[in-house]
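Engineer: What follows is the residue order along each chain.
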Amino acid sequence: MRFYEYESRRIVERAGIPVTKYGFCTTADEARKAAEDIGGPVVIKSQVLTGGRMKAGGVKFADTPAEAAEHAATILELEINGNMPKGVLVDPKAEVAQEYYASVVWDGTRKCPLMLFSDMGGIDIEEVAEEHPDHVGRGHLSNLVDPPDFRAKEVISHTGVTGSALTRATPILARLARLMRDYDMTLAEINPLAQLADGSFVALDAHMEMENEARPRQKALLDDLGVDPTDTRDPYEPSEFERNVKAIDSADHRGVIQGKDHGFSGNLGLVIGAGGGSLTLTDAVRSQGGKPANYTEIGGNPSVAKACGLAKEVLKKDGVEKIAVMMSIVSNTRVDIVARGVIKACLELGRDPGETIAIFRIPGAWEEEGFKILERYGVESCDRSVSMWEAAGRAVAKIQGVPA
Amino acid sequence: MSVLLSQDFTFIVQGITGREAVNLTRECLDYGSKVVGGVTPGRKGRDVHGVPVFDTVEQVVDSLGYVPDGSVVTVPPAFTKDAVLEAIVRGIKLIVIVTERIPRRDVAQMVELADRQGARIIGPNCLGLIVPEVCKMGGIGGPAKDAAKAYTPGPVGVMSRSGGMTTEISSTLTAAGLGQSTAISIGGDAIIGSTYAELMPLFEADEQTQGIVIYTEPGGRMEAQLSEWVAENSSRLPIVAFMAGRFMDDEEMQGMSFGHAGTIVEGKEDTATEKITRLEAAGIPVVERIDEIPDAVKDKLGAKV
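Keeping their order, the protein sequence lines are chains C and F.
With my numbering applied, the first sequence corresponds to residues 1 to 404, in that order.
With my numbering applied, the second sequence corresponds to residues 405 to 709, in that order.
None of these hints come from the bench; they were simulated from the model.
In this text, a Cβ means the ideal position worked out from N, Cα and C, and glycines have one as well.
This list has only true hints and no planted wrong ones.
A partial selection of chain C residues facing chain F, derived with a Cβ cut-off under 10 Å:
| # | residue |
| --- | --- |
| 1 | D107 |
| 2 | S142 |
| 3 | N143 |
| 4 | P216 |
| 5 | K260 |
| 6 | G276 |
| 7 | P292 |
Given these sequences and hints, build the entire structure.
Structural biologist: Structure follows, in C-alpha cells:
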C-alpha cells in the first residue's frame, strides 16, 4: 500500500530523520493558518496517490498566508489523473544548497534490501543511474543484522561525497534502512533530501510503500497515521463487482474467490482459477479474439454457495452474454462443487445453464460426478484431454456464433 | 535419478494437525513418501494417519534417532518464520514452505539463514515437489491417484511459479509420452527460496534430466537471472518456457497484481514482453499455448529421447 506524502513525512519523522515544519490541511483556512505558523514563503502540494502533480498544477508557491489560502482552495478542487486530493501539504520554501537522493528497496534477486544514494537529487533516479552511474552509490544489507551505519557511509562515499555532508547524511540513510525493515516497506525513498544553507539536512519529500501482507502486524503505525483497515489504497476505486465478490468471499471461510473487472469490458464472463490457471486462461481467451468481461480466481475448494455467488456476480455484469467456467487441473477444489455452484447461479437468475455456460473445463478431483451433473443440464464439459487453449477457443467461438 | 528427493527421503510436516496438512500427509503417505513425524505445539502424543505428532522438531529428532531430510511447513503466516528457523537450526536441509502471504522481510531472513546453514528452501506459497513414482513432498498433484494420472517418470525437469500449472504442464507432457524427472512448484511470491537459476545446477547434475520446462509470469527478475545463468554456464539442458499473464502488459493493468503476489510489475524489465524477448535471446523458446510445450521439447531434445 502506498502512503500519501504527508503520511510518509510523519513516518520519516518518527524514524528520527529531520523534516521541515509542515502542515497537512483539508481547507483553505487551515492552509492560511499553517502558512502563518511557518512564516515566510511556502509551497502548497496536492496530496494525491499519483505522480505528475507538478505538471498538473498540483504544486504552487506562495509568499503570503492569503496567497497560500488561495492556492490551497484551487488545488483542493483539482483532479489529478482521475484522483481528487485528500488535502494539501503546506511546507516552508526551503533555501536549498544541494539536493540528494536516498532510498532503500528490495533486491529480489539478491533477496535482501538495497540502499541507494545519489548527490544528484530531485530528479528521476533511473535517469541518473543511466546517464551518471558514478553519481549513484549502492549497497546491499544483510537481513539478519541491524542495518549498520558504516554500510550507509560506504554507499554515500561511493558518490564522492565527503566532509560534513558525508557525516550528516550517514545516519539519515541508516535510519531510512531501519525504517524500511521495521515497517515492512517495499520502498522507502527521500527525494529530495536537501542540505540547507546552514549545512543541515532535511527530507523535503518522501515516498513510502508498505507490503500489504504486513499490514496486520503494522497496525500500531497505521492506527497512529489514521489509516483505516478497509482503506486498500488501490490505484483505482473498487467496482461494484469487485466489492460484491469480496463480500461473498469473506462471508464464507471455505475456499477463496477473487474478482477484478478494472480494465475489462467484454461480453464473455470468466469464472476461472486458480492463480496461474487464471492468467493462462485470460491470455488464451484474448489471443483467440475473445473479450473477457472480468478476471476471477477460484481456489482452495469453495462451497457451492461461494461458486454460485461468484458466477452470479459475473452474469449480472453489464454486457455479459455467456460465461466460461475453466481451471487448470484441480487437486484440492472439487469439480462437482463448482459445477453445482455455476448451474445454481444460472437457474436462480432464470437462465438456461446449457445456453449460458459456453464451456466447462475443470479436470481433476471429483470430475466424473461433476461432468454427470453438467450433462444433465446440457452444459458442454471437457476433461484434461482438451487443452486450456482449446477450451478457451470453444468458448470464444460460441459467443461469436461461429461453429467451433 | 532425480533432484532433491529419492526413495529413502524422509520428511516431517510442521503444522501437521491443520486441515490442509492432514490431507497433505494422507496424500504423501499414499504416494509412498516417508513422512516420519509431525509437529504442532501442544499436540504431542497424537497421531495423524499414523504419523506421530510432537511439540518440537527437537523431540522428533530425539525420537527418530536421526535428523529427517526435509520438512513441509504449513503454519499460519505469523508463525512461519519461527517454524522454519526451528527446522534449520535442528539440521533439516530441505524445507518446503506452503504458507502464503508471508511478509518479504521474514522470507528474506529465512532464506539468508538457510544459506548460511547449508539448507535449501522451496517456496513460500508453493505446493512442493514430486519425483514421479518415487516421492511426493507437499500437496503437489493432489491425492495419490490424481498425482499418478498427471505425473510419470521421464526426462523432463519442470519448474513453475504456479502450483496448479505444475500439474497441468506435467499432465500435458505425460499425455505426449514425455515423463518428468522432478517437478517443482517454486512458489508465487516476489522473494522465494529457490529460483529457476538456483535450481538449474541440480538438474544439470542429474543424469535422468534431458530438458527443462518452466512456467513463468510477469513480475520480478527471475527469468533474466535464468537467461544469465544459461549464457554463463553453457548448460547442456535445453529449456522451453511458457509465459502466462501477457494481458497484464496492457496499459490499463499497470500497477495491478493478478494471480500471485509476485506478479506485480514494478519496472521495465518485468513485463511479459520484456521477459519473452530476454528468454528468447538466451535461446529459450517461449510458447504461447500449453499444448505446444511437448512438441517444443521434442524439437529441442531431438534424438535424445
